[in-house]
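Student: Going line by line, the protein sequences match chains D and G. Residues 14 to 347 in the working numbering are what the first sequence spells out, letter by letter. Residues 14 to 347 in the working numbering are what the second sequence spells out, letter by letter.
Please keep in mind that the hints were generated in silico from the structure rather than gathered at the bench. Quick caveat, the model's predicted, so the values are computed rather than measured. Treat the hints with caution; some may be incorrect.
If chains are identical, the list can't say which one is meant, so a pair holds when it fits in one copy or spans any two.
Once the Cα atoms are required to be at most 20 Å apart in a straight line, the calculated SDA-like pairs of lysine to any residue come out as [what the hints assert, rightly or not]:
(1) K193 x G285
(2) K44 x L331
(3) K44 x H288
(4) K193 x R54
(5) K284 x D340
(6) K193 x D333
(7) K193 x S49
(8) K68 x K193
(9) K23 x D214
There are 2 protein chains.
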Amino acid sequence: MSLDDAATQKPHDRLSAVLTADMERVNALIKTRMASEHAPRIPEVTAHLVEAGGKRLRPMLTLATARLCGYEGDHHIRLAATVEFIHTATLLHDDVVDESAQRRGRPTANLLWDNKSSVLVGDYLFSRSFQLMVETGSLRVLDILANASATIAEGEVLQLSAAQDLRTDEAVYLKVVRGKTAALFAAATEVGGVIAGAPEDQVQALHVYGDALGIAFQIADDLLDYGGSTLEIGKNVGDDFRERKLTLPVIKAVAEADEKEHAFWHRVIEKGEQHDGDLDRAMAIMARHDAMEATRAEALEWAAKARASLTSLPAHDLRDMLSDLADYVVSRVS
Amino acid sequence: MSLDDAATQKPHDRLSAVLTADMERVNALIKTRMASEHAPRIPEVTAHLVEAGGKRLRPMLTLATARLCGYEGDHHIRLAATVEFIHTATLLHDDVVDESAQRRGRPTANLLWDNKSSVLVGDYLFSRSFQLMVETGSLRVLDILANASATIAEGEVLQLSAAQDLRTDEAVYLKVVRGKTAALFAAATEVGGVIAGAPEDQVQALHVYGDALGIAFQIADDLLDYGGSTLEIGKNVGDDFRERKLTLPVIKAVAEADEKEHAFWHRVIEKGEQHDGDLDRAMAIMARHDAMEATRAEALEWAAKARASLTSLPAHDLRDMLSDLADYVVSRVS
């Protein structure tokens, strides 16, 4: 790879190139640990998901932060696999909860097998992740991941009751997003620092980085749903609208709505009665209140917060890539 | 309570009486930790199950074994709550998987709310249990509970594929039973010894006790389904048969079946075509092969194994009650 290539590559691909050797060890460990001598259904279901070509962003964050803090041992491999197992377990349960039929362009496990398998194999992966983290022998790491697990589960339950309820405000939205995305990002980056024995201020900075990166990532995703192309986002414009999801641009528009607009949102989101032209009308209302602009500004703020937190970490190629990654996740909407 | 009363009380009630103060602390801790500031759905669902008047057998095993080994600290309270949370989480997921409508004589959570709530609140309780065990600061305890969690999840998945498959043999049955029941019993008793700092041989003996007690308990349950009354077992004779469950008496009868009997089992269990008189015919076939007798003998062997393992533990009232408990779980079938 020439230097020119390196400069134009996406930060995610540059991280991936630098961490190839570590990531191969993570993939081998994932393969070993998802095997089950007794229940062949487990590797079937898991392989479908783990080998579906996800970007492995979360384990990469753990590898990158551990290396950035000078770690030379083996436990970052276990922790990266732990993080990927937790992520995969939540995907399996999410697909049951959302009654999804597709994930990453392939049929979901609950569709190929059944909801039972998705629930139980998710539980199995979660218990496997638990075994892996115990092997690191670090109570601090266990504490971080236990708390992240509770935040994830609580955010998911909160989403059940907050979805399709127009009273959902930005504070609730943020809790849901932390549960859905940011809690695992923050744990992934924080445990990298902890396992490397980094000083306390650096560990805290890594936590802030992961949390802000996850929030920026999720807000950008919400925004793209009302503006990106299918090619860019892997889903169609307006999917969230049709699924009656209260994402940040809608929450901002609802907060500013007059009586007539409120009746519109009540009909299309709470009651779910949608007709031709409603998506266009929703986008016109959001434009009127600058809801898209305000959402975009918020995504950029979180990305800036992620970048800023990295200043307390040692100068390092990996630090620069993590900084570029924060820019990248919002670049598609800025 | 007079001595006469004590002698005639069930061992479970005697344990409960001796451990009242500890158990009140466990119940208070469970109540605190199942609360969720952000997601009120969580305590609703959990209270429905936790306060449904279960026997709290598993947390009692942890309290009893810790006390028996001379423990004077606080962590046994956390571990007892941990064990009850894991148990409750598996019940929530089981009811989704089994599509159950009733548990302990009340409608199940998946019926009262929905499958989504049962899946996600189960995940939440599991993550809460994880936080509680991390608070004990014992990596050994975490290792035991991580392994038990993996055994439970693997057993549940195995049961999915083993159910209604006549090739399921006694070895597979035992793995399923360890996942369903014995793994958590064994972890509950083992961590009681570990937290008390008991010598290694006593910790091992407690593991063997919990494992054997759980297996005896489950085999007795299978047997009662073909012979107990609704009053005794809280379900009707033949429920397992009607649900096409391959329990131990059936597995033993299938192993001895001639061609005609095999065709019968294939029809009623694998194909699920059941007619009037089939339950009677199943029981006649089992009687012909002494399948009920052989199952009963096996339950008694496991109970004897549980009792025998207690001999390496210190002489103590609680030890006697645990020994009586092993007798009690099989007394209804002996």
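Student: Taking the hints in turn, state whether each one holds.
Tutor: How the hints compare with the structure:
When the C-alpha separation of K193 and G285 is checked against a cutoff of 20 Å, the pair qualifies neither within a copy, at 23 Å, nor between copies, at 41 Å. Proximity of K44 to L331 under the C-alpha cut-off of 20 Å is found in neither arrangement, the shortest distances being 27 Å within a copy and 45 Å between copies. In this assembly of identical chains, the alpha carbons of K44 and H288 never lie at most 20 Å apart, being 47 Å within a copy and 46 Å across copies at closest. For the identical chains of this complex, K193 and R54 are inter-copy neighbours only, at 17 Å across copies versus 27 Å inside a copy, given an alpha-carbon limit of 20 Å.
For a Cα distance limit of 20 Å, the shortest separation of K284 from D340 qualifies neither inside one copy, at 37 Å, nor across copies, at 58 Å. Proximity of K193 and D333 under a CA criterion of 20 Å is satisfied in neither setting, with 26 Å inside one chain copy and 49 Å between copies. In this assembly of identical chains, the alpha carbons of K193 and S49 lie at most 20 Å apart only when taken from different copies (17 Å versus 28 Å within one copy). Within a single copy, K68 and K193 get their C-alpha atoms as close as 17 Å, which meets the 20 Å cut-off; across copies the closest is 35 Å, which misses it.
For a Cα distance limit of 20 Å, the shortest separation of K23 from D214 qualifies neither inside one copy, at 29 Å, nor across copies, at 57 Å.
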